[in-house]
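Chain order of the listed sequences is V and X. For the first sequence, position 96 matches number 96 in the working numbering, and the numbering has no gaps at all. For the second sequence, position 83 matches number 83 in the working numbering, and the numbering has no gaps at all.
I should point out that these hints are in silico values taken from the structure, not numbers from a laboratory. This structure is a prediction, so every number in the text was calculated from the model and none was measured. Heads up, some of the hints might be wrong.
To be verified - Quick list of in silico lysine-lysine cross-link-like pairs, DSS-like style, CA-CA up to 25 Å:
no., chain 1, residue 1, chain 2, residue 2
1, V, 42, V, 99
2, X, 71, V, 94
3, V, 68, V, 58
4, V, 5, X, 57
5, V, 99, X, 14
6, V, 94, X, 57
7, X, 71, V, 42
8, V, 57, X, 9
9, V, 99, X, 9
Said to hold, decoys possible - Some chain X residues flagged as far from chain V (calculated, every beta-carbon gap over 12 Å):
no., residue
10, 37
11, 44
12, 50
13, 95
14, 113
All C-beta atoms, glycine included, are put in the ideal place defined by N, C-alpha and C.
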Amino acid sequence: QQQVKQSPQSLIVQKGGISIINCAYENTAFDYFPWYQQFPGKGPALLIAIRPDVSEKKEGRFTISFNKSAKQFSLHIMDSQPGDSATYFCAASKRGNEKLTFGTGTRLTIIP
Amino acid sequence: DGGITQSPKYLFRKEGQNVTLSCEQNLNHDAMYWYRQDPGQGLRLIYYSQIVNDFQKGDIAEGYSVSREKKESFPLTVTSAQKNPTAFYLCAGGGGPLNTGELFFGEGSRLTVL
Numbered sequence: 001q002q003q004v005k006q007s008p009q010s011l012i013v014q015k016g017g018i019s020i021i022n023c024a025y026e027n028t029a030f031d032y033f034p035w036y037q038q039f040p041g042k043g044p045a046l047l048i049a050i051r052p053d054v055s056e057k058k059e060g061r062f063t064i065s066f067n068k069s070a071k072q073f074s075l076h077i078m079d080s081q082p083g084d085s086a087t088y089f090c091a092a093s094k095r096g097n098e099k100l101t102f103g104t105g106t107r108l109t110i111i112p
Numbered sequence: 001d002g003g004i005t006q007s008p009k010y011l012f013r014k015e016g017q018n019v020t021l022s023c024e025q026n027l028n029h030d031a032m033y034w035y036r037q038d039p040g041q042g043l044r045l046i047y048y049s050q051i052v053n054d055f056q057k058g059d060i061a062e063g064y065s066v067s068r069e070k071k072e073s074f075p076l077t078v079t080s081a082q083k084n085p086t087a088f089y090l091c092a093g094g095g096g097p098l099n100t101g102e103l104f105f106g107e108g109s110r111l112t113v114l
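Just need the whole structure built from these sequences, with the hints factored in.
Structure representation (structure tokens):
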């Protein structure tokens, strides 16, 4: 039972382009939606997160768009750079509980 | 240096052997978690603990055991009952005085069964 579905599994984007990764969730009790970035051989690190009281959050080149009615959220990376090449995981958790349910991950490759 | 420290980074095990992965934290997190990472499957929760001397099973607890005798430590034992133990194991901490919902991960332990 996969509660958070993530797509695509892999993504290749040219330098300077926009990278878009999508996630959908099923459990309406989820109220915290983070994105984690993982480099090879390392643990994931929080990139950006959103709560359902807003529809968009932007931090630098990274933006989360959130659609509560559709139960979907996405990560947009503007002006993608080779250093952004990593695996990205979306996740979700319920209020007051950091126990995260993760998506299956997207391997992003930025080519020159 | 600080945060979530996992050891060893690489571990090889023969079939039928138990192995224990260490996880120590100095961030005063109340909660600690063990996740397993396999290619194409994301991170799956094995066990978690929200308080000392208490822990709960996650989604894939069979073949694993944990203890939480002190706040700073949350070791994971991969037993011989785990059918497919070769994986990348990640420990995380969260909660405490600055609870933001964020989990802080260690650098992982890669276990290979020979």
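**Request:** State the violated hints by number, sorted upward, taking the hints as numbered earlier in the document.
**Result:** Numbers 5, 8, 10, 11, 12, 13 - these are the hints that the structure violates, sorted from lowest upward.
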